[in-house]
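> Residue-level listing of the chains:
2 protein chains.
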Amino acid sequence: MITVYSDDHVGHDGKAELHDGKLVPSFEMPRRAALVLARVQETGLGPVMPPKLFGLDPVRRVHAADYVAFLEGAWDAWVAEHGPWDALPFTWIAPGMRRVVPDHIDGKLGYYSFDAGTPITAGTWRAVRAAADVALTGAELIVRGERGAFALCRPPGHHAHRACYGGYCFFNNAAIAAQALRDAGAERVAVLDIDCHHGNGTQDIFYDRGDVLFVSLHADPVQEYPYFLGFADETGTGAGEGANANYPLPFGTDFAAWSEALAHALARIAAFGAEALVVSLGVDTFKGDPISRFRLDSPDYTAIGERLAAAGLPTLFVMEGGYAVEAIGLNAVNVLQGFRAAA
Amino acid sequence: MITVYSDDHVGHDGKAELHDGKLVPSFEMPRRAALVLARVQETGLGPVMPPKLFGLDPVRRVHAADYVAFLEGAWDAWVAEHGPWDALPFTWIAPGMRRVVPDHIDGKLGYYSFDAGTPITAGTWRAVRAAADVALTGAELIVRGERGAFALCRPPGHHAHRACYGGYCFFNNAAIAAQALRDAGAERVAVLDIDCHHGNGTQDIFYDRGDVLFVSLHADPVQEYPYFLGFADETGTGAGEGANANYPLPFGTDFAAWSEALAHALARIAAFGAEALVVSLGVDTFKGDPISRFRLDSPDYTAIGERLAAAGLPTLFVMEGGYAVEAIGLNAVNVLQGFRAAA
Ligand SMILES: [Zn+2]
Ligand SMILES: [Zn+2]
Numbered sequence: 001m002i003t004v005y006s007d008d009h010v011g012h013d014g015k016a017e018l019h020d021g022k023l024v025p026s027f028e029m030p031r032r033a034a035l036v037l038a039r040v041q042e043t044g045l046g047p048v049m050p051p052k053l054f055g056l057d058p059v060r061r062v063h064a065a066d067y068v069a070f071l072e073g074a075w076d077a078w079v080a081e082h083g084p085w086d087a088l089p090f091t092w093i094a095p096g097m098r099r100v101v102p103d104h105i106d107g108k109l110g111y112y113s114f115d116a117g118t119p120i121t122a123g124t125w126r127a128v129r130a131a132a133d134v135a136l137t138g139a140e141l142i143v144r145g146e147r148g149a150f151a152l153c154r155p156p157g158h159h160a161h162r163a164c165y166g167g168y169c170f171f172n173n174a175a176i177a178a179q180a181l182r183d184a185g186a187e188r189v190a191v192l193d194i195d196c197h198h199g200n201g202t203q204d205i206f207y208d209r210g211d212v213l214f215v216s217l218h219a220d221p222v223q224e225y226p227y228f229l230g231f232a233d234e235t236g237t238g239a240g241e242g243a244n245a246n247y248p249l250p251f252g253t254d255f256a257a258w259s260e261a262l263a264h265a266l267a268r269i270a271a272f273g274a275e276a277l278v279v280s281l282g283v284d285t286f287k288g289d290p291i292s293r294f295r296l297d298s299p300d301y302t303a304i305g306e307r308l309a310a311a312g313l314p315t316l317f318v319m320e321g322g323y324a325v326e327a328i329g330l331n332a333v334n335v336l337q338g339f340r341a342a343a
Numbered sequence: 001m002i003t004v005y006s007d008d009h010v011g012h013d014g015k016a017e018l019h020d021g022k023l024v025p026s027f028e029m030p031r032r033a034a035l036v037l038a039r040v041q042e043t044g045l046g047p048v049m050p051p052k053l054f055g056l057d058p059v060r061r062v063h064a065a066d067y068v069a070f071l072e073g074a075w076d077a078w079v080a081e082h083g084p085w086d087a088l089p090f091t092w093i094a095p096g097m098r099r100v101v102p103d104h105i106d107g108k109l110g111y112y113s114f115d116a117g118t119p120i121t122a123g124t125w126r127a128v129r130a131a132a133d134v135a136l137t138g139a140e141l142i143v144r145g146e147r148g149a150f151a152l153c154r155p156p157g158h159h160a161h162r163a164c165y166g167g168y169c170f171f172n173n174a175a176i177a178a179q180a181l182r183d184a185g186a187e188r189v190a191v192l193d194i195d196c197h198h199g200n201g202t203q204d205i206f207y208d209r210g211d212v213l214f215v216s217l218h219a220d221p222v223q224e225y226p227y228f229l230g231f232a233d234e235t236g237t238g239a240g241e242g243a244n245a246n247y248p249l250p251f252g253t254d255f256a257a258w259s260e261a262l263a264h265a266l267a268r269i270a271a272f273g274a275e276a277l278v279v280s281l282g283v284d285t286f287k288g289d290p291i292s293r294f295r296l297d298s299p300d301y302t303a304i305g306e307r308l309a310a311a312g313l314p315t316l317f318v319m320e321g322g323y324a325v326e327a328i329g330l331n332a333v334n335v336l337q338g339f340r341a342a343a
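Here the protein sequences line up with chains A and B, keeping their order.
Using the numbering used here, the first residue of the first sequence is number 1, and each one after it goes up by one.
Using the numbering used here, the first residue of the second sequence is number 1, and each one after it goes up by one.
Where hints are given, some of them may not hold.
One copy or two, it doesn't matter: identical chains are merged, so the pair holds either way.
In silico DMTMM-like cross-links for lysine to aspartate or glutamate, where the CA-CA straight-line distance does not exceed 20 Å [said to hold, decoys possible]: (1) Lys-22 x Asp-76; (2) Lys-108 x Asp-20; (3) Lys-22 x Glu-81; (4) Lys-52 x Glu-140.
I should point out that these hints are in silico values taken from the structure, not numbers from a laboratory.
Put together the whole structure using the sequences plus the hints.
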C-alpha cells in the first residue's frame with residue numbers, strides 16, 4: 001500500500017492549547033506524523049511518495065472561499081497585532097449575536113473557529129496546504145486503480161467545517177478527498193469516520209448531499225468533544241436525508257461494543273452502494289489515549305483493517321487523531337496492515 | 001449620594017484569562033472594587049450601605065432559569081471533573097452545530113458562554129449573587145426617591161446575555177436593576193451604557209421591548225470586543241423597534257468626539273420619556289486603560305457626571321469595567337461627584 005507524506009507539516013508546531021482551564025502543551029504535535037511514518041517504513045507497508053501539488057481549487061470545492069483566504073492571511077495579521085506567538089481565539093459568537101466578519105484579527109479568529117485548542121502558528125498555512133495535497137494525491141491513487149492508499153495527513157481534518165476550524169483541524173482532508181473522488185467520476189462515495197471524536201466537519205460539509213454518505217463511530221457528544229454535533233438523530237437534510245449516520249457510544253466503550261457499531265456502519269455503506277470509501281483514520285479510540293475514553297487495544301486495529309477490507313471497496317485512509325504518541329504508529333499501521341493482508 | 005457595596009465579591013478572584021494567545025493575570029480583579037470604595041470614602045461622596053437580600057426571583061426576570069441554575073452549580077461540577085482550578089470554556093457552538101445542553105461540564109461551559117477570558121472560581125457564585133443584590137438595593141433607593149445612587153457591583157454585568165456569560169460578566173446587574181425599576185412602577189426606563197465596550201448583554205435582554213430604552217457609546221465592534229454586536233443599525237425588534245441605539249466610535253476617540261455622541265444619546269433618552277435612568281458606568285474609556293483604546297482623561301469624568309445630572313432623571317449608577325486599576329477610583333468617583341454637584 002502506498003503512503004503519501006510531506007514534511008511540510010513540521011512547521012505547524014503549536015506550543016499550547018487551552019485544556020481543563022490551563023494552557024498545556026499541544027497534544028497534536030509533529031512527532032505524531034513522524035512516528036506513523038517511521039512505523040510505515042519499519043513494517044514495509046509499501047512505498048512512501050510525496051504529494052503532487054493541486055492548488056486551492058479542489059479545497060474550495062468543500063471550503064468557503066473567504067475561509068480559505070482567512071487561513072492564508074491569519075498568521076501575518078496576528079503577528080502584526082500581537083507579535084510572533086501562536087494565535088488562539090478567545091471570544092466567539094453567542095446566540096443573539098451577529099455573523100459579521102470583524103476587521104480585527106481577534107474577532108476574525110473567533111468568527112472562523114470553535115475552540116481555543118487549535119493554535120495557528122508560523123508554519124500552519126504551509127502544513128494545511130500540504131495535508132490537502134497529501135489527501136488529494138491519495139485520492140488520485142484510488143482513481144488510478146489502487147485497492148488501498150494511505151494519506152498521512154497532518155494536521156488532521158475531520159473537525160473542520162465548510163467555514164471554520166477547531167479540534168486541531170483546518171482543512172478537511174477527508175472531505176477534500178471524497179469530493180475529488182466524486183469529481184473524478186465516482187457516483188457515490190462513503191466516508192467512514194472511526195476517530196474517537198465525531199467528524200462534525202465532514203458531516204457539516206456533506207449534510208445536504210445524497211452523493212456522499214457520512215458514517216461516524218464516536219464518543220457520545222453529551223459527554224465528549226465536540227459536544228454540539230454527532231447525535232444519532234442527525235440523518236441528513238434535503239437531498240442528503242438518509243445519507244448521514246452517527247453511532248454515538250459511551251465513555252469506556254471496548255472493542256466488542258465498538259465492533260458491533262462498526263458492523264452496522266459497514267452495512268449502511270454496503271446498502272448505499274458506494275464506489276469508493278474514505279476512512280477518517282483516528283486511533284484515539286486506543287485505551288492509552290490521554291484525551292479520550294474508549295478502550296481499544298493495539299491488536300484490535302489489525303482486526304479493524306481486516307473488517308474494512310471485507311467491505312470490498314477501493315479505500316483511501318486519511319490520518320486523523322491519536323494522541324498516545326508512542327503507540328500511534330503501531331495502532332495506525334496495524335489498521336493498514338490488517339487491510340492489506342485481507343484485501 | 002449613597003453607595004451600595006458588599007465584600008462578597010472578593011472570593012471571585014480569577015487567576016488568568018486567555019488574552020493575545022496567552023493566559024495572563026485577570027484584568028478584572030478584586031482590587032478594582034476596593035479602590036473605588038476607598039475613593040468613595042476618601043472623597044466623602046456619601047454613606048456606604050450593604051445590600052439587602054432579594055433572592056433570585058428578580059434575577060430570573062431577565063435571565064433564563066436554566067442559566068441561573070447552571071451558574072449556581074458550575075464550580076462544583078468543574079471541581080468534580082478537573083479539581084479546584086479556575087474554570088474556563090475552551091469550545092463552543094459553531095454555525096451548523098446544535099444548541100443542545102451537554103452533560104459534561106466542559107460542554108456546558110461552552111454552551112453558556114462567549115469567551116475564554118471569564119473564569120469561574122470558588123467564590124464566583126457568591127460574588128455574582130451579591131452584585132445583583134447591590135444593584136437591586138440601588139434600584140430600591142431610586143424607587144424611594146433618591147436623585148442618584150451608586151451600585152458598586154463586582155463582577156460587572158453589561159456583557160451578560162439572558163443565558164450566557166462573558167466579558168467578565170455573569171448576571172447583568174444593570175438589566176436586573178432596570179427591570180426592578182419597571183416592576184416598581186416606572187413606565188419607561190432608560191439604560192445608558194458608557195463603558196468602552198458595547199453592552200451586548202443589556203441589548204440582548206431588552207432588544208424586543210419598548211419599555212426599556214438601551215443606548216450605548218462604545219468602541220466600534222469591527223475593531224473591538226465583543227465584535228459581534230453593537231453596530232449602529234441595531235435599532236430593536238418587534239415592540240422594541242426604535243428602543244435600541246448604538247453609537248460605535250473608532251479607536252483613539254477623545255472626549256470631544258465622545259461628548260458629541262453623548263449629546264445624541266441624551267437626546268434619545270429625553271425623547272423616550274424615561275422616568276428613571278440606569279447608567280452602566282465603565283471607565284475603561286480612560287486613556288490609560290490597558291485593554292481599551294479611547295482617550296478620555298480623569299477630569300472628563302467629572303464633566304460626564306455633570307452632563308448626566310442635566311438629564312434631570314433619577315439615576316442609578318451601576319459599576320461596570322475599568323482596568324487602569326490605580327485610576328479607577330478617581331475616574332469612577334469623578335462621575336459621581338460631577339453628578340452630585342450638578343444634580
Ligand atoms: Zn479525535
Ligand atoms: Zn469594558
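> If a hint holds in the structure, say so; if it doesn't, say that too.
So, going through the hints one by one against the coordinates:
When the C-alpha separation of Lys-22 and Asp-76 is checked against a cutoff of 20 Å, the pair qualifies only between copies, where the shortest distance is 18 Å, while the shortest distance within a copy is 26 Å. Only between protomers do Lys-108 and Asp-20 lie at most 20 Å apart by alpha-carbon distance; the minimum there is 13 Å, versus 24 Å within a single protomer. Only between protomers do Lys-22 and Glu-81 lie at most 20 Å apart by alpha-carbon distance; the minimum there is 14 Å, versus 23 Å within a single protomer. Taking the shortest alpha-carbon separations for Lys-52 and Glu-140, only the intra-copy value of 10 Å comes in at or below 20 Å, while the best inter-copy value is 72 Å.
Going down the numbered hints, you'll see the structure goes against none, and every one checks out.
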